[in-house]
Structures are given as C-alpha cells and as structure tokens.
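Novice: Protein chains in written order, with our numbering: chain E, 13 to 418; chain W, 1185 to 1279.
According to the in silico footprint, chain E covers these stretches of chain W (three or more CB under 8 Å from chain E):
| hint | stretch |
| --- | --- |
| 1 | 1212-1226 |
| 2 | 1243-1252 |
| 3 | 1255-1261 |
| 4 | 1265-1271 |
A few chain E residues that don't get close to chain W, going by computed Cβ distances all over 10 Å:
| hint | residue |
| --- | --- |
| 5 | Val33 |
| 6 | Ala264 |
| 7 | Ala316 |
| 8 | Val393 |
Using C-beta positions, here's what the derived DEER-type ranges look like:
| hint | chain 1 | residue 1 | chain 2 | residue 2 | range |
| --- | --- | --- | --- | --- | --- |
| 9 | E | Ala124 | W | Gln1205 | 49 to 55 Å |
| 10 | E | Gln405 | W | Gln1205 | 53 to 59 Å |
| 11 | E | Gln405 | W | Arg1243 | 45 to 51 Å |
Hints are computed from structural coordinates only; laboratory data are not their basis.
Positions of the beta carbon are idealized from the N, C-alpha and C atoms, including for glycine.
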Amino acid sequence: MSRADAGGGARASAAPVVSVVGGVAGVSASWAGAESLAGTFDQLGELAERQAAAVREARATPAFAASRTWCPPTHSLAVLALVSAGESLGRVAESAPSAATSVRRAVGLLRAADEAAHLLLHSLLGALVLLPSAAGVLGGLYPATPVRVVPRGDLLAGASGRAPSSIYDLLEHLGQLSALSPGDSPDNGTIEVQSFTGPDGVVRHIVYLPGTDDMTTLPWTADDDVRDLGANLDLVGEQPDRYTQGVLDVLAQIGVQPGEPVLMVGHSQGGMVAAGALAHGSPYHVSHVVTFGAPVGQLGGLPAGSHVLSLENAGDVVPHLEGSANADSPQHTTVTFAGGTGGHPVTGFGSQVLGHHSYEAYAHGAAAVDDSGDPSVAEQVSSLHAAGFLGHQGPVEHQVWQVLGG
Amino acid sequence: MRPDTTAPPPPDTDLLHAWAQALRRTAASLDDEAHALRHMVDTVPWQGRAADAARGEGRRLAAQLAGAADAHLAAAAALEVHALAVGAAAAEAAA
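In isolation and in its complexed conformation, chain E is listed as follows (with noise of 0.2 Å):
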C-alpha cells in the first residue's frame, strides 16, 4: 500500500466511473419507492371508499329528498350527478387495492431474484476469497496485547490546518497522514482527529484512518503495530481489533462528548475500522464515512439515516478480499472508478496491486466523485456538506495520535 503523498503535486485527474451501487438513487432505496408507491395506491383506495361512503350518506339525507317536491326536475338531475360522482370513487377504489398488490408482488418476484443472483455470484466467488469465519479464526492466532495512545503533537499532515471541502480534500490529508509512517516506521499506528465548531455550535470531528502498516506480520512476529494483518483479519471476521480499540481510546482522550457528529475518513484497514465504528456502534455518534480501498461487505445493517461513501478502484482486490458485494442500501453508496496504478510503474503482480490500492490511484476517484451528477453520490457529498463536515470556514483543531499494541 502506498504511503505517497497524493497531494504532493498537481491535483489528479477524475477517472471515469464504472459504476455506482446503492444509496438514495440505488436498487434497494427503488423497492423502498415502488413499495412506497405501493402503499400509496393503498392509502388513495381507502380515501376513495370513505368519499364515496360521505356521498351516498349526503344523498340519502331527509332534507334533500324533501327537496325533491319543490322541484323534481333539477332534484333528478343532482341525483343523476351524484350517482355519477360515487361511481367515480368506486372506481378508483376498486383498482388501488390491486394496483397495489401487483406493484408488492413485483418488488417482492424482484428481490428474490436479485437475492438468487447474489448467491450464485457469492458461490463462485467463494474461492477466490477470505470467508469472515476463517479470517476470525486466524486473526485469533495473533497475541491480543493491550493498546496504548500517545500523543504526538510532533507531527503534522500538510492539511492538518485546514478544513475539508471535497473528497478529494479528505483523501489528501489521509494520504498526507499516511506518509508520516513510511515503511517498518517507528511512527506506524498514527491517526488524525480534526475538531471544529459550526455556525450552529455544534462541535465536529473528522477522523483520520490510514491502512496497514505491516501486511507481512505472523502472530510470532507481531509487533506493536496495530495495522496489521492481524488487525485486518480480525476486521473481516467482525473480531475486536486493536486498532478499532486505539481508536476509540484516542476520542476519549480528546474529550469526544457522544452527541458530537464524527465523520471517519479510511483507507483500507482504516476504512474497514471507519465502517464498522458505524455498523457495529460506538459511544460516539459517528453519522458519516468515506472509506477508500476498503473490504467493507461483510458489514451488515447501517443505522437509517447514516451515510456511508466507499470508493473502490476497479483492478485493486483489496476491496474484495471480504467476498461480500457491498450492501445496496440507501446508507451505502459504492463508487467503482478506473483509477488505473496512479501512475506507479508496473513491474510484476505485486507493484500492479500495490499500484491499483495506492492512495494516488484513489486520488483519480476521489476527483470524480467531487465531479459526478449521480444521485446517489451527489446526495453523499451534499449530506457531508450539509451535515458540516465539508466546507467550514473558520479555525480547526487538529490531534495526530499513535495507537499502539503491547
């Protein structure tokens, strides 16, 4: 993985999208709207019979058939009218409820394909990957030594000061971070904490999550690192880890109050850890994640109303070592982009997919997802903003912290 600096030069070019799956534009958040509509019909069904119901009891009233002597011509032709306009309802009413059933039965035929296929395609990708009951296993191999933060106010990303206000902007501040631990780093496990207050008062943070640091650990070599491949395989069996742990521990020691709005930025492990601070809950109020080159399938439901944002660079298998397709839900949108290498020479496997999972390559995907007009990303992107973690102007805070094991 690499530790460049994504924002060490020119800004990157947008890379195409290949696809977007899920959020409010997705194909679960469409059954919620043909359901919705569903339930529509159902509810117009219901008013028809009750409107018909107000006007055959208005009909049947003594004062207007007395009114019938006075002047029997005009009194036929009212009645004529209100006949006409009960049949109209009885109409509408009649049809809704099986308009209704249809639209349901549609979406439920729908799912259940859809569900099918998911199967299939889990079944053949079974082999290809790492099962979250076998990664939990061997993640139990490795030493579950305590964790312990420091500060290190010696150190300084080149976006510390500044607040957000793109996509790309948090994925260059995460690679900045990144590039403080480079290589077998004494300063590996660092992570970021940007607090600001808004307008409205409210207190916000950012949290900053790099990936592993040591891919190359066994459990008779781990080390105080806490991204690890340990880590990483705990995180795919949904097992504590320690990194989640450090990271919980840092908001603790910054004095993070639990109604505070706390978005969590990741690359990769740093994403899964982001991600599954938000699935599996926290004592903190995390409402948002952007997670870059991140296993995330394997996590189940998110909380209604969160919103989680996972780029995913065509080509890099990191995304797809957890075997699952991210969830269509309208919490989760996933963005696939061909972002190439970065531009990082390929000279064998290993530098194609180091190439595929750097953070230059996800500087490609993060451009285009600043410049896309889908819905399901533009209602991503326009809910950081809205939720105030994009675009504040004024002084921000900034804690860089080491997590480490043992």
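Take the given structure of chain E and dock chain W to it, following the hints.
Specialist: Only chain W this time, still in chain E's reference frame:
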C-alpha cells in the same frame, strides 16, 4: 287566508349550498391527490419493465382520481342549480 297546512315545510337551501361547497372541496382534494400521484409515479427511482407497468397503474389511478374530481364538480353544480330552483319555488309558494 288560513295557511295551507298540507304544504311541505320550507326547504333548507343553505344545507344544499353547503353540501355543494363540500363537494367542491372534495373535488379539489381529489385533484391534488391526482397531481401528487402523477409526480410520485414520475419520480419514483425504479427502472425496468415492472416499474413501467407500475407507473402505468399509477397513471391510470391518477386519471380516475381526476375523473372523480370532475364528477364532484359536476355534482356540486347540479346541486347548486337544484338549491336555486327549490329556493325560487319556495319563494313563489310563499308569495
């Protein structure tokens, strides 16, 4: 002259006018529902042939609602004509 005790009581035309107004309000409400349904049908994020069929059902319902709104307006108008005629007849009888 002694009053004719066999004549029907004077009709409550206010009641008939009020009923006509109620029918007009119902017509407006049905028309609003028809518009809202058309909008919903056009904007629901659902694609494919099943979605097209559902949209067809929705548009048919919207047309029926609009038809019901027109029928209510016609009934309101007929009721008002009747109320006026009854009022005129009662006035003539009273004279």
